[in-house]
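> Listed below, chain by chain, are the residues.
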Amino acid sequence: MLRFALGRLLAAIPTLLFVVLLAFTLVRIAPGGPFDAERGLPPEVEANIAEAYHLDEPLPKQFFRYLGGVLRGDFGPSFRYRNYSVTEIIADSFPTSLLLGGLAMLLALVIGLGAGVLAALRPNTFTDRAVMAVAMTGISIPIFVVAPLLVLLFAVSLGWLPAGWTAQGGGRLVLPVLALALPQVAYLARISRASLLDVLGSDYVRTARAQGLTTAAILRVHALKPALIPVLSYLGPAVAAVLTGSVVVEQVFGIPGLGRHFVTGALNRDYTLVMGLVILYAALIILLNLLVDILYGVLDPRVRTQ
Amino acid sequence: MSGLEVEDLCIHYGDTTVVDRVSFAVDAGQSVGLVGESGSGKSQTALAILGLLPDNARVSGAVRFAGEELLGGGEAHLRRFRSRRIAMVFQDPALALNPYLSVGRQLAEVLKAHRLSNGGPLRRRIVAALERVGLPDAERQFDRYPHELSGGMRQRVMLAAALLDEPELLIADEPTTALDVTVQAQILDLLDSLRDEMALLLITHDLGVVAGHCERMLVLDQGRLIEADDTLSVFRAPSHARTRELLDASRGSVGAVADVPEPRRIALNVNSLEVSYSLSRGQTLFAVREFGLSLDAGETLAIVGESGSGKSSLARAVAGLVNPTNGKIDFRGEPLPAGTSARPLNRKRAIQLVFQDPAGSLSPTLKVHDILEEPLAIHEPRLEADARRRRIFDVAADVGLDDALLDRYPHELSGGQAQRVAIARALVLEPDLLICDEAVAALDGRVQNAVLELLKSAQARTGLAMLFISHDLSVVERLAHRVLVMYLGRVVESGPASQVFSAPAHPYTRALLAAVPRPDPLNPGGKAVLSGEAPSALTPPSGCVFRSRCAYAEARCGEQVPPAESVAADNNRHVAACLRLHDPELNGPVSAPPAERR
Amino acid sequence: MNTERSRGRPLPPLVRSTLAVLLAVMLVALLGPGLSPNDGVDARFDRILSPPSLDGAHYFGTDDLGRDLFVRTLEGTRMTLLVALVASVVSLVIGVLYGATAGFIGGRIDAVMMRFVDSLYAMPFIFLVILLMVVFEQNFLLIFVAIGAVNWLDMARIVRGQTLSLKEREFVAAARLIGVPTGRIILRHIAPNLLGIVLVYLTLTIPQAILFESFLSFLGLGLQEPDASLGTLVAGGVSTLETAPWVLLIPSSILFILLLAFNFLGDGLRDATDVRARRSPSS
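Chains as they are written, first to last, in our numbering: chain A, 1 to 306; chain B, 1 to 598; chain C, 1 to 283.
The following block holds chain A by itself, in its conformation from the complex (with noise of 0.2 Å):
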């Protein structure tokens, strides 16, 4: 298993590699630089700019001064903050995110398998119908309606909630929890009913059935196992995705998080910030990709075996 690990792990540097080079080629040749917006520099101060940045330097080696910097943890300095440097933007916001992300995910697992799985249990009941019917409703309602919603009943009208990030305690994170989990939690509830309904519809949950288990003892045994693994499929991306933070929630809500700075950063021009963060998203979906390869082989005898 360890081998294996470190296998995938070393798999993943071209891949890391190929992503830094891509998303570094496609903000230089987008047209505009960082120090657009201050129109009217002299251009001696333009040019001194540039020089400090190493912005006169030929791409290739520029590509590879910031390469070696970020192989000594030096993501480098933020064009736009001026004053700080891309690892502190991140350490400052990042947290905040994952707090986010993290609540979110957990709620949505609780209360997204719980209900694909009730659903499955009771096919083509009320039940089921209930459950598939706010799934859809889940997966059709964008983000952004949801969050303002959300704000409208329980700030505005109930008053029960603050609506944003400069309330103390709390209570100011449970809107934005919300509305990042709802559509985890529709997503989950569709993936584990029909991955749950695959499994119970197999030969060998018949088989089970034909020796006498009980539908607990069937599910507990049997059918959770193979069922989970369609749903770790999903979570990889999807939880790398949550953890990063979401721009329209940061927006809504106020909230000083990882989400806004990958629109902005990419606005801005923002070299270096933006380099940052494409490493980090890419790094942390090749990280949860190779914990789902090995769930999956300890889930799966025939992958272990492989």
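Just so you know, these hints were derived from the structure itself, not from any lab.
All clues given are correct.
Derived, one-sided and incomplete: chain C residues facing chain B with beta-carbon distance under 8 Å:
#1 E170
#2 A173
#3 A174
Note that the Cβ used here is the ideal one computed from N, Cα and C, for glycine as well.
Assemble the complex: chain A is given as a structure, and chains B and C must be docked to it using the hints.
Structure of chains B and C alone, referenced to chain A:
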């Protein structure tokens, strides 16, 4: 009477009736065969007894066991019977065992479900149960997973699980259909040996299996029970015309095999052919080794073997679908390039193949007419529309396809119709060599016979040579001029069909023939001469590939690959590859088989 | 998979009713603005944020600039649909060509091509789109080409998997034996069998594209005023959420109905054609 009673059982799905007022009984200790073609409702009946049908099935009637009603009692009620008093094993043990759980765990869960887990250490009892069904090396199998076991071992595990609680009735739904014939004989023997302890309801499509293993038999046809009597009487004097048809089909009442036309012309010659596949981790699987054959125009050569024998690889290599790694294929005296893409168009035309899965070999988006037209469009592009039409209608008539079917899509055809289309597509090109790769294996008995008849008449009409690949000796018997027996990629015996069937020389051929169930209650065949299963083709034994299962193996068998020798000095057409071919002991009574190994 | 099973069968009722809803929405979006006496650009400060009423035919009320929301919403719907269609077709073309090529060639080239797709999966999606949009300088249609250009990955994966398995099916082997040339095998025996799965995933790609367009517009990165899409309208509604909820709720509802309908349609078609990997390739 303390057995199973089924009364007026009906099963509906929507408007479709799959089982219609079926009544029968299985008395304590009795063995009853439930037979019928696919779709006759036999499996549905079995599943209904234990309440295992899908939710959308509507069931009515009565199912009583020892006087207690099972239908409509709910899951909790049924659990008191399931596996405690009535156990069940299913057709495909590869699917019926949970791939995610170890063998021991799956049996332990049955014990727990039956609250039998306090009767001593679980592991020891489970190993004992596995030993009881003859699972080799039971101690080690406890921790293994289903995918690490062979088909026969998996079915033994299924049986061990079924027998844990000493049921009074065992329902076996096609328990050996997914297994090789030599393994089938072992499993059926095992079922017989358990008969003192319980009654048996054996569901099968194979009348030979019923003849050898059941006292009574029930025949289902389109959901109706048309026959119920003791086996001998049914075989002697069936009361229903459909039963007679089924019996005739199983006895292979096909006309005699015609002679090969003289003068003989060699159609196909294969020399020292080798087909191998590179697998991951640098392993190489040799599917076919040092293989040779020759085939004349108008002749049918059957290649017989169990799974893993390499017979399909051989068919595909000759057809050009896989590239042989070594050897020579001559077709009508000229070397045949490997691979279809290297073959000139007229060579492709001359060699056609019919696959096992009739539906899978027809493009699902094309109508039958277009499927039959395509070969003509490729090979005779200048043919006028009228002439092309006539050719299509002619070939459809030749294979017994109704004109109305030409307008259908493959999924609108029955299995037999689809296979006729596949044969018509091959025949419309008027090939010189037709390769049939298990071409009738997916078909029911009566349809099988019709398709075999069709192949024979096509051969008589056009003089094509046929390479007929099959695992089913009773099919081969009906149309082959010559037979070639393969085991783990090598030829062990070949010769004229009549001689091989009447006087098999190689120990493997004998065991294979003995294992075939015959539809005759007085002489049912189906004897388990061999124990164990063929080793993986990845790790064949050295020397003689068969020695690990051979009762006559000696030390020298491991040192030398046996050459093919004439069975009798005056007959060089019947040959076998066995070092002890002329050893008197080999031709004496069969000694005990060696211990199973794997 | 089993697209063949459904051939010739009528569509399930759910799919048919969903199709009817979609057609109705499209029809209204196309014809509706012409039926209203108002237009969507006429800003009048005497009717800012008036609630929905028959008075003056402001069925959906007006927005914070006093523009008629009925006309703007229908025009926005039209725009959103157009955009989603263009983006989906782009992703369809790229995805099918890429996936079918990789699947049909197979071997090392397939491995490299799929490695590239995996790498793109590890890229933050939004970052790619923003950069592509910057490259195209917010040219209206090119933005959607950009969305499609990023959205093709799923389609490529699915088409590749399907092509790989079709290639191994016996009817393709049978065609090779007859001597059917490779090009004709692809056109006659493989492509028609891809059609079902591609159509199903097209219907599932459209709501994704709708969602993405509105998401970008919501962030102010998509369409620019005075052009409207459902996304820009929803974004506009958020700011007046407390005083004039209808400005948010009406376009949101239409967006929701559209997404729901497309998702139902895709689900229904998928179930009807049973687009799942075949359980056992040998059966």
